[in-house]
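K.L.:
Sequence:
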Amino acid sequence: MDDTYQKKLAARIDAYMSDLGLTYKQAFNKAYKEVKPPSVTIPFISYEEWRNQFSGKG
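In our numbering, the protein residues as written are 1 to 58.
Since the hints were made in silico from the structure, they are not lab data. Quick caveat, the model's predicted, so the values are computed rather than measured. Worth double-checking, as some hints may not be accurate.
For each label pair, taking beta carbons as the anchor points, the in silico distance ranges come out as [as the list claims (entries may be wrong)]:
| hint | residue 1 | residue 2 | range |
| --- | --- | --- | --- |
| 1 | K8 | I42 | 44 to 54 Å |
| 2 | Q53 | T4 | 20 to 30 Å |
| 3 | Q6 | T41 | 30 to 40 Å |
| 4 | F44 | L20 | 38 to 48 Å |
| 5 | E48 | M17 | 46 to 56 Å |
The C-beta atom is built at its ideal place from N, Cα and C for all residues, glycine as well.
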């Protein structure tokens with residue numbers, strides 16, 4: 001995953017655990033709802049293009 005996302009999530013979890021006294025599971029669930037993971041869009045390529053690109057022949 002994205003490094004900045006992981007750092008933000010960890011910081012938010014630590015903050016909830018220290019400030020609100022939540023358990024790790026409770027803090028994780030609450031932080032996961034707030035810190036959104038990055039959105040990744042992969043462009044479409046046909047199977048033939050993909051095979052040529054990753055087979056090492058093309």
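K.L.:
Confirm or reject the claim that K8 and I42 have a C-beta distance inside 44 to 54 Å.
P.N.:
At 23 Å between Cβs, range violated.
K.L.:
Taking 38 to 48 Å as the stated bounds, is the beta-carbon spacing between F44 and L20 within them?
P.N.:
Holds: the Cβ-Cβ distance is about 44 Å, inside 38 to 48 Å.
K.L.:
20 to 30 Å was suggested as the range; check whether the CB atoms of Q53 and T4 agree with it.
P.N.:
holds, 28 Å
K.L.:
Does the beta carbon distance between Q6 and T41 stay inside 30 to 40 Å, or does it fall outside?
P.N.:
violated, 20 Å
K.L.:
Cβ-Cβ distance between E48 and M17: within 46 to 56 Å?
P.N.:
Since the Cβ atoms of E48 and M17 sit about 51 Å apart, the hinted range of 46 to 56 Å holds.
Checked against the numbered hints given earlier, this structure breaks hints 1 and 3; the rest are met.
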